[in-house]
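Protein sequence lines correspond, in order, to chains A and B. Residue numbers for the first sequence follow numbering that gives the first Met the number 0, beginning at 0 and rising by one. Residue numbers for the second sequence follow numbering that gives the first Met the number 0, beginning at 0 and rising by one.
These are computed hints drawn from the structure, not numbers from a lab. Certain hints may be false.
Derived contacts from chain B toward chain A, CB cut-off under 7 Å, selection only [claimed, not checked]: (1) ILE11; (2) ARG240; (3) GLY241; (4) LEU243; (5) LEU460; (6) GLN462; (7) LEU476; (8) VAL485.
Restraint-style ranges between C-beta atoms, simulated for each label pair [stated by the list, open to error]: (9) B:ILE452 with A:GLU190: 28 to 38 Å; (10) B:TRP19 with A:LEU251: 42 to 52 Å; (11) A:GLU59 with B:TRP19: 44 to 54 Å.
Yeah, the Cβ is synthetic: ideal placement off N, Cα and C, and Gly gets one too.
Residues per chain, in single letters:
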Amino acid sequence: MSLIESAMAKFRSGAAASGASEHPGAEVVADPTTARSAWAPGEPAYVPRRITVNMPRLREMGYLPEEGEDRRFADYYRAIKRPLIQRAFAPNAAADLRLILVTSALPGEGKTFTSLNLALSMARERDISVLLVDGDFPKAEIGRAFSVQNEPGILDALADETRDVDSLVLRTDVRGLEVLPAGTLADGAAELIASGRMTKILAWLTARHPRRLMVWDSAPLLITSEGRALGQLPGQLVLVARSGHTPRQALLDALGQIDKNKLSGLVLNDGRVTGGEGYYYGYSSYGPRGNETSRAG
Amino acid sequence: MNPHLEQLRDEIHSAWRFRWLACGVAFVLALSGWTVVFTMPDRYGASAQVLVDTRTALRPALQGLAVEQDVGVQLNYVRQSLTAEPQLRKIAEQTGVLSASIRDPLQQEQLLARLKESIQLNVQVGDSDANGAGSITYGILYQDTDRARALRVVSLLLKTFVNETLGGKREGSENAQQFLESQVQDYERRLRTAEDRLAAFKASHLGLMPTEQGGYFEQLQKESTAVDDLKTKLITLETRRGTLEKQLHGDAAISAATAAPTSGIAGAGGRVDTVTRIAETQAHLDELLLKYTDKHPDVVATRETLAELKARRAAEIENLRNGDANAAATSGASANPVFQSIQLALNQVDVDIADMHAQLAEHQTKAQELRKLLNTAPQVEAEYAQLSRDYDVNKAQYTALLSNYEKARLGERADNAGSVRFEVVQPPTVTFQPVSPPRSRLLAGLLLAALGIGGALAYGLAQLHPLVGSATAVAQLTGLVVLGVVGPAFPKATARIRRRQILLVSFVVGLLLASCVAAVIFSRAGMRLNIPALKHLVHL
Numbered sequence: 000m001s002l003i004e005s006a007m008a009k010f011r012s013g014a015a016a017s018g019a020s021e022h023p024g025a026e027v028v029a030d031p032t033t034a035r036s037a038w039a040p041g042e043p044a045y046v047p048r049r050i051t052v053n054m055p056r057l058r059e060m061g062y063l064p065e066e067g068e069d070r071r072f073a074d075y076y077r078a079i080k081r082p083l084i085q086r087a088f089a090p091n092a093a094a095d096l097r098l099i100l101v102t103s104a105l106p107g108e109g110k111t112f113t114s115l116n117l118a119l120s121m122a123r124e125r126d127i128s129v130l131l132v133d134g135d136f137p138k139a140e141i142g143r144a145f146s147v148q149n150e151p152g153i154l155d156a157l158a159d160e161t162r163d164v165d166s167l168v169l170r171t172d173v174r175g176l177e178v179l180p181a182g183t184l185a186d187g188a189a190e191l192i193a194s195g196r197m198t199k200i201l202a203w204l205t206a207r208h209p210r211r212l213m214v215w216d217s218a219p220l221l222i223t224s225e226g227r228a229l230g231q232l233p234g235q236l237v238l239v240a241r242s243g244h245t246p247r248q249a250l251l252d253a254l255g256q257i258d259k260n261k262l263s264g265l266v267l268n269d270g271r272v273t274g275g276e277g278y279y280y281g282y283s284s285y286g287p288r289g290n291e292t293s294r295a296g
Numbered sequence: 000m001n002p003h004l005e006q007l008r009d010e011i012h013s014a015w016r017f018r019w020l021a022c023g024v025a026f027v028l029a030l031s032g033w034t035v036v037f038t039m040p041d042r043y044g045a046s047a048q049v050l051v052d053t054r055t056a057l058r059p060a061l062q063g064l065a066v067e068q069d070v071g072v073q074l075n076y077v078r079q080s081l082t083a084e085p086q087l088r089k090i091a092e093q094t095g096v097l098s099a100s101i102r103d104p105l106q107q108e109q110l111l112a113r114l115k116e117s118i119q120l121n122v123q124v125g126d127s128d129a130n131g132a133g134s135i136t137y138g139i140l141y142q143d144t145d146r147a148r149a150l151r152v153v154s155l156l157l158k159t160f161v162n163e164t165l166g167g168k169r170e171g172s173e174n175a176q177q178f179l180e181s182q183v184q185d186y187e188r189r190l191r192t193a194e195d196r197l198a199a200f201k202a203s204h205l206g207l208m209p210t211e212q213g214g215y216f217e218q219l220q221k222e223s224t225a226v227d228d229l230k231t232k233l234i235t236l237e238t239r240r241g242t243l244e245k246q247l248h249g250d251a252a253i254s255a256a257t258a259a260p261t262s263g264i265a266g267a268g269g270r271v272d273t274v275t276r277i278a279e280t281q282a283h284l285d286e287l288l289l290k291y292t293d294k295h296p297d298v299v300a301t302r303e304t305l306a307e308l309k310a311r312r313a314a315e316i317e318n319l320r321n322g323d324a325n326a327a328a329t330s331g332a333s334a335n336p337v338f339q340s341i342q343l344a345l346n347q348v349d350v351d352i353a354d355m356h357a358q359l360a361e362h363q364t365k366a367q368e369l370r371k372l373l374n375t376a377p378q379v380e381a382e383y384a385q386l387s388r389d390y391d392v393n394k395a396q397y398t399a400l401l402s403n404y405e406k407a408r409l410g411e412r413a414d415n416a417g418s419v420r421f422e423v424v425q426p427p428t429v430t431f432q433p434v435s436p437p438r439s440r441l442l443a444g445l446l447l448a449a450l451g452i453g454g455a456l457a458y459g460l461a462q463l464h465p466l467v468g469s470a471t472a473v474a475q476l477t478g479l480v481v482l483g484v485v486g487p488a489f490p491k492a493t494a495r496i497r498r499r500q501i502l503l504v505s506f507v508v509g510l511l512l513a514s515c516v517a518a519v520i521f522s523r524a525g526m527r528l529n530i531p532a533l534k535h536l537v538h539l
């Protein structure tokens with residue numbers, strides 16, 4: 000049984016138990032069993048919150064591929080995540096390389112889809128965990144995908160210096176996956192991102208969890224100032240483009256906005272997988288068809 | 000998958016985002032084009048056909064006899080003259096195309112130019128025979144917005160066409176005949192004067208004219224030759240005569256006279272020649288000697304007689320040698336046949352010589368007479384030659400002209416009798432239904448053009464704003480590493496959406512097609528729009 004399947008099973012039982020909940024997709028539950036009372040001295044004690052991931056809902060909302068495409072997509076992201084992980088955990092690698100920003104030139108190119116699926120794929124790695132950060136502040140799509148758009152998030156931590164960012168991280172029932180919502184949008188988000196507090200928070204987040212990758216969903220580079228501001232922060236950048244959708248000129252313009260040294264590479268969505276299709280079809284004919292789910296990579 | 004097909008799919012995919020723009024443009028273009036088509040005025044087509052047959056029953060019969068007229072060239076000439084400015088103006092004025100109210104020369108020019116454009120002449124050449132003669136069918140076509148006027152124009156064109164051809168031919172032929180006639184008369188006159196001159200000359204120089212034997216110099220030559228000839232012959236004859244004479248008095252004759260005693264003849268003639276007598280006397284002597292001695296008187300007498308005879312004989316021979324005729328006779332040589340034949344030949348030669356002398360004298364006189372004319376005769380002769388040459392030339396020309404003239408007259412009569420036949424195959428007719436503009440075709444064509452332009456616009460815009468395509472293209476474009484290509488996440492949903500889009504676009508295009516069909520039906524039913532501004536545009 001795969002992790003997601005177990006997670007889904009768990010979600011279903013949980014949803015059945017809780018009955019009519021405020022958020023049908025996920026619910027935030029105080030989990031006393033995982034409370035870390037002995038965190039670090041002087042830190043405020045908090046109860047880590049847990050959410051359940053509603054996979055059918057994600058699929059319905061278009062954040063997961065259609066049924067029947069899971070195995071293929073597992074393979075796509077397996078190929079994409081490998082060089083990113085290698086770069087982040089290379090010997091003597093800088094701490095900020097564990098911060099991966101997924102961005103694109105224009106909206107609608109599949110940033111959220113990519114970051115979510117990439118994070119899920121990375122979470123399947125045995126010895127690392129993933130923190131999926133909703134950096135697309137105006138839209139907060141990750142938040143909506145996990146039904147946590149009203150939860151306090153990174154913006155709250157930026158605005159309120161007394162707030163511990165770690166206390167805002169939401170655990171999920173998917174092993175190795177944590178979610179940090181965007182939080183409440185205030186004016187001057189771009190300035191907040193560019194502030195020293197942001198750097199501090201990031202340093203804190205990366206330093207505290209050396210085996211944890213951060214995947215940031217971000218706003219479009221050419222549309223929002225937040226997107227550009229975020230682009231300066233991370234060690235690794237992944238630029239998303241969509242075949243048959245992104246104008247070539249927009250892609251080139253976006254490239255002009257970012258530091259090319261930080262750019263780990265491009266992800267082409269909706270593309271034609273040349274030569275692979277035959278292989279995939281042939282391969283899938285061996286296994287069970289239909290509601291197929293990916294296995295841990 | 001075929002790379003070309005793949006590229007095509009990519010390009011269609013790329014242009015797909017401009018589909019509504021393309022549809023809109025197509026709609027606007029088609030509708031505005033159709034509006035123009037609906038305002039175009041109806042044009043009626045009038046036509047007529049004339050068959051011009053240059054191959055009739057008469058032609059083979061007249062082959063080589065009559066001057067043939069090049070009808071093909073004439074018809075071409077008519078073609079040109081039909082659509083020439085003055086002719087066209089005449090037709091335009093008569094049919095009302097160019098109404099009298101139009102005074103502006105520029106406008107008139109425009110109207111005439113339009114008329115010229117509307118008139119179409121076509122030629123169908125039927126099978127022609129070896130001489131290039133055959134049937135040619137001329138078609139006259141004209142289109143006009145006014146049905147009656149179209150018919151009028153074609154009728155007038157047809158009339159002009161036939162008249163021009165006939166009239167043109169007649170005129171040309173008449174000119175040729177007149178020319179021929181005047182030439183014939185001219186030559187006749189000249190011939191007559193030449194004839195007169197020649198006759199007068201002949202009369203004044205009677206006897207000096209060259210005869211059948213030839214001219215003056217020829218005659219003179221002949222006489223001189225005859226004289227020389229006769230002289231040579233005379234010399235030959237004289238020589239012959241000398242030889243014969245020599246033979247007659249020579250040794251041969253003498254030996255003949257002495258050696259051939261002919262007792263028979265001598266006895267018969269009663270006269271005994273000397274030789275016989277010598278022989279007899281010798282014989283008698285020999286006989287006497289047998290009986291007597293030399294002293295016997297008989298013997299002596301006989302011996303004296305013999306001596307006398309021998310002396311006589313010697314004298315005779317001497318005489319013969321000297322040519323004495325009597326001597327011959329006496330000597331007995333004349334009785335000899337050889338001597339006689341020589342004598343005969345000698346006599347013949349004498350006669351010939353006398354004849355020759357007479358002839359020579361005659362020819363010499365003639366030659367002398369001719370030599371006296373040495374200064375005048377050649378001159379007369381040259382003059383005569385010139386005169387007769389003039390006469391001959393005139394005569395030849397006159398004969399040729401006369402025959403040509405007769406041929407031309409025959410040809411003209413043959414043409415009138417139907418050597419070239421005009422037949423109005425199709426009298427001027429006009430269609431009941433307008434022939435132009437081809438509305439249905441225009442409507443359909445405009446639809447296709449509008450769709451094409453719309454599609455081209457979408458394609459062009461897609462080319463101007465290219466999208467990110469394949470991974471390799473992106474890598475080439477940015478020079479960056481492509482971490483991975485993610486396939487379509489929602490193939491089913493995408494296909495569903497795409498299907499809906501295609502359906503919608505098809506619906507719009509179908510709507511346009513249906514409108515086109517409706518427009519064709521309406522146009523067939525006679526629906527027209529009357530928009531003055533657009534009409535002006537159409538006329539331009």
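For each hint, the structure was consulted:
| no. | hint | in the structure |
| --- | --- | --- |
| 1 | ILE11 | violated (11 Å) |
| 2 | ARG240 | violated (143 Å) |
| 3 | GLY241 | violated (143 Å) |
| 4 | LEU243 | violated (144 Å) |
| 5 | LEU460 | violated (12 Å) |
| 6 | GLN462 | violated (12 Å) |
| 7 | LEU476 | holds (6 Å) |
| 8 | VAL485 | holds (5 Å) |
| 9 | B:ILE452 with A:GLU190: 28 to 38 Å | violated (51 Å) |
| 10 | B:TRP19 with A:LEU251: 42 to 52 Å | violated (27 Å) |
| 11 | A:GLU59 with B:TRP19: 44 to 54 Å | violated (29 Å) |
When the structure is compared with the earlier hints, violations turn up for hints 1, 2, 3, 4, 5, 6, 9, 10, 11 and for no others.
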